[in-house]
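Chains as they are written, first to last, in this note's numbering: chain V, 1 to 376; chain Y, 377 to 917; chain X, 918 to 1255.
You may find that some hints are simply not true.
[What the hints assert, rightly or not] Below, computed lysine to any residue pairings styled on SDA-like, alpha-carbon distance capped at 25 Å:
1) LYS379(Y) / PHE173(V)
2) LYS1036(X) / PHE150(V)
3) LYS379(Y) / MET167(V)
[What the hints assert, rightly or not] Partial list, derived from the structure: chain X residues whose beta carbon lies under 7 Å from chain V:
4) ARG988
5) ALA992
6) VAL1000
7) THR1003
8) PRO1004
9) THR1008
10) PRO1013
11) TRP1014
12) HIS1016
13) ASN1021
14) ALA1024
15) ILE1029
16) ALA1032
17) ALA1035
18) CYS1059
19) GLY1062
No lab work stands behind these hints, which were simulated from the structure alone. Glycine residues also receive a C-beta, built at the ideal position from the N, C-alpha and C atoms.
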Amino acid sequence: MKLGELSPCEFVNVESEFAAMSVAIGASAAGARAYTATASQGLLFMVEAVYNAAGLGLPIVMTVANRAIGAPINIWNDHSDAMSQRDSGWIQLYAETNQEALDLHIQAFRLAEELSTPVMVCMDGFILTHAYEEVEMPAQADVDAFLPAFEPRQVLDPDEPVTIGAMVGPEAFTEVKILQHYKQMLALDRIPEIAADFQRAFGRDSGGLVRPYRTEDAETIVVALGSVLGTIEEAVDELREEGVRIGALALTSFRPFPLDAVRAALEHATNVVVLEKALAVGIGGIVTSNVRLALSGLPIHGSTVIAGLGGRPITQRSLRDLFLRAHAGELESLSFLDADWGLVERELQRMSQMQRSGPHAENILRDVGAVAHKAV
Amino acid sequence: MEKPFAITLDVGSSLANKTGSWRDERPVYVHRLPPCNDACPAGENIQGWLYEAEAGNYEAAWRVLVRDNPMPAVMGRVCYHPCETACNRTHLDEAVGINAVERFLGDEAIKQGWRVEPEAEPSGKRVLVVGAGPSGLSAAYHLALRGHAVTIREAGPMTGGMMRFGIPRYRLPREVLDAEIRRILDLGVELELESKVENIETAMREGGFDAAFLAVGAHLGKRAYIPAGEAAHILDAVSLLRSMEGEERPLLGRRVVVYGGGNTAIDAARTAKRLGAEEAIIVYRRTRAQMPAHEFEVEEAEDEGVLMRWLSTIKQADEGRLVLEKMELDETGFPQPTGETEELEADSVVLALGQEADLSLLEGVEGLVVEDGVVQVGPDMQTGHRGIFAGGDMVPAERTVTVAIGHGKLAAKNIDGWLRGVPWEHPPRPDVVTFDQLNVWYYADADRTVAPQLDAVRRTSTFDEVQLGLDETNALFEARRCLSCGNCFGCDNCYGVCPDNAVMKVDEADGYKFDLDYCKGCGICAKECPCGAIIMEPEQI
Amino acid sequence: MSAPDKTRIRFYQTGSFAVGGRLLDPEQRSVQAEGERTNAITCGHRACQGCGEALGARYALDAAVRAAQGRVIAANATGCLEVFSTPYPETSWQIPWVHSLFGNAPAVATGIAAALKAKGREDVRVIGQGGDGGTVDIGFGCLSGMFERGDDVLYLCYDNEGYMNTGVQRSGATPPAARTATTQAVGAEPGNVFGQGKSAPLIAMAHEIPYVATATVAELRDLEQKVEAAMELHGPRYIHVFVPCPLGWGSASSDTIRLARLAKETGIFPVFEARDGVVSGVSKIRRRLPVEEYLRPQRRFAHLFGDPGRPDVVARIQAGADRNIARFGLLEDEGEGR
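With the hints as constraints, model all of the structure from the sequences given.
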């Protein structure tokens, strides 16, 4: 940008994520294509503005490099951050690979600007964001052909002044929200159409609502978002070779949630496993609740597996065991992949013994003999 | 542009919300009575003409002025300006120099030759005015403006009355006086000089007059009994001042004593100085504080070297010398003789003890009442005899030119009403604006532009005018010191300070209007109006 | 060529103090005297009777609009001004205006400025604005960020010394001893405690931005001239406008301008301007008054004047005003009035 290679463009170094989204709001309202990126705590710090951008219908595109949310503080990957914003009014697209992440951003701008609604492109922190991978960079001219110049639906312009961001009371607030919802329903049609356009233009199958993998005759289907699909698909391939009728379903669009597409992909299965990288404390799965809604009335055995929290590796071996148990109908409705229940039990015991049992995280670290003890 | 629902709105759409319904008080523009107007004996709309003058519209200002007073150039010289005493600006710094601006306008009118024309069609009625002094001239002017045929009969050889015979030239140059009288006569007023009316009823009958206005003045100097030697030179002030209009200057001698404490005494003493007296001494039986003369005249006289002898009476007058008796004030403030005497050298004694009217023309007029040597009149200036009105020094009132001019105007309005069979009624008088009703924060601090004065030496040796007038810039600045008490002067404050933009600026002539659709009645406009021209009135709900 | 000095007009009855005057040349009149002024915020807004903020906002924005030949965009923080001006389906704004959040108006303004720059719209100027809550408290991080980055935004803070629209709670701009819903007039130190609160203008100056000024709704020409001065510059600029609040202060609706005048004349609110972090001018006190004149008409200070009252607290407030007067040199050296 400084060299003028990216022009016209302004790059604003802000003091906080809250300001980042706010600057994007201002820029977008003034008719510029606006973009920012964040992750984890940063996303939460900007939450107020995240909701605001959606409520104002500003077509901002934001990358969320999915990471855990503290406390305890943790910088590694999971989906807790983006999942917390599932109801913010933003469209959420989850990339499986870096190539898809790139492709989704281009599609996201087109989608956002067509519908005048913001789009979040979620890509797994570290797993994708810190991986070196060769990607195909589309040419500027091709992108320009695919993505028309930004024609804002509303813009701050002295030649045609408007008031943006009025205070709306009970008399119209519901309708404003219905319209926000309606835009996402429109997106259910536009997301696959744009993906198809993209494929025509660039020759890659990226995006769309869902991506089934070997689900045709599958009795067991694993549902997941993001980069973990790669590992899942390998496990599926392995089990398929062993004759297990298993498949996977990648949810590329989590918001809007493609109820019909999910139902169509899963309705013939017997077992559905939802592998989630976030925990809704107090209930369990977040994605599961959405999938269940898609499957209402169907006699399908569903279970939630919470995996990869705070960057815990999801190995093919663990998945294979998990899938076999699921296929056998042995999986509990909620389970935690590779959890060390001994640690949990011991901490629960300490808690029951004394009031001042101290913070869980430090206790557990001490228990596993990690950093703190080694340092001393 | 198709805008997103609800969150994005068309600009200015709040005009649909009529916040005027919140109001329990509404602002109202008013015209209140400025203290200057209230104090003016001639009933001038001083604030009104200053409003024009401060904009540099001198002719318009003069026209507002002469609606009430036909002689502003005279008035601007001889009036004791009670308006300035009443001026609210005195509480801030110094009174507005109203008198000086008035004189500037009057002089400007003479210089530019501005004229007035009758405002009404000829009425066919004839009015006799007796006396060509200020009151008679004023009545003639106002009657002529209203379409009546006016004849002035003046016993003396010249017009002007006391303006000519009682006020020295150094205060009122005669060319100014003549110019303003000429403008009145130019309205078609018939003037008969040296035409003494012996009997008013006969004169009216024989002349076919429908009404009369008497303004014969009070020319007879009051005499006090002073034991005097044969060679003592005693004369009265009125005669002295009158004789100044003749060819021969009266001879007063080296030392002149003036006896009295009124304005005439001051005029006589200052005249004596100008006639060459080395000493002019005013002898007055009370104290300076009790002198009826106006303070500024006393000060000017002192500046010119006039001496004062308080608490003294003249007991005896002989050639070249007087015997004075010292007085002292009793508990009630009244001077009492002490028996203690002293001598004072004096070549002549000028008595300035007041004047009386010659009322011989009224003998036998039915219903007419004379008390204390003056003719009694009602509030309409009508005597007890219908159709005969009177004013000026011959009726009970303060004897000043301004009062006389006011009488002439008031009488003319009433005579007009009487002639037309529609009695004139005084319009309702609004409340006088007090200082605390103003928001004086807004007025710029500016000192009075003092009219330059001739230096004292030059002043006492000639009969040139003592007070020089304002020049155009000075007059403009002086006019702009007017606070415009109780009357909008277009400062835009109400228009600017309304948080609801509920004041509309119509145009310069029509000023501002409240937009009651939106006015919430907060009252800021009223409180921030510099001149108190907005009041808050309760809404009738 | 510089504009005529409209803060020093002599010999015109009301001189510099009134809004305009029929005797003044049009270019000597304030923006608010113009028959065709913008009315950036127009009739029908729902501000309380006698709202100082509605007045201050119109004064400031109309001046900005004139300085920018009509090409102004404003970003507004949540607060009274936002709420009373834009209740759906009506808006009182006549300029392009956006409201996003309570704490992000400076950043939204930055975004607008960045967009305009990217689009090559150098003619359009950007205003950020908010109340004291949105500025000195909630939005302070964004404000400081906007300052330090040097963004081309004029930020206007309308200071009514508390969160008025939500029920009169204390803010970082609430003065000592003032009663609010969260600083009750009880105890040994009734009302807001001494030593709390901050001066946003001084903090703004510490950023060494090109222009910082304070103003009140009582000195319209001064305010307009400061807006004009700010509009002549680029980069971050900050004007802190003192706007009395009849509701929150418990004052008569008609006293809004009077109280602003008293705040300045008592030394309670110093009116000054600063360029590049250095005070470059102060508005002198014309007729100095004791702080009591300012405090008494406000019910939020009523506990200082009951029986027995708190003369000690009034004395502390007076001492604060005296410090302002000394610190900023608010008294005329010689009695040359204007």
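Against the structure, the hints:
no. : hint                   : result
1   : LYS379(Y) / PHE173(V)  : 16 Å, holds
2   : LYS1036(X) / PHE150(V) : 12 Å, holds
3   : LYS379(Y) / MET167(V)  : 15 Å, holds
4   : ARG988                 : 4 Å, holds
5   : ALA992                 : 6 Å, holds
6   : VAL1000                : 6 Å, holds
7   : THR1003                : 4 Å, holds
8   : PRO1004                : 5 Å, holds
9   : THR1008                : 4 Å, holds
10  : PRO1013                : 4 Å, holds
11  : TRP1014                : 5 Å, holds
12  : HIS1016                : 3 Å, holds
13  : ASN1021                : 4 Å, holds
14  : ALA1024                : 3 Å, holds
15  : ILE1029                : 4 Å, holds
16  : ALA1032                : 3 Å, holds
17  : ALA1035                : 5 Å, holds
18  : CYS1059                : 5 Å, holds
19  : GLY1062                : 3 Å, holds
Hint compliance for this structure: no hint is broken.
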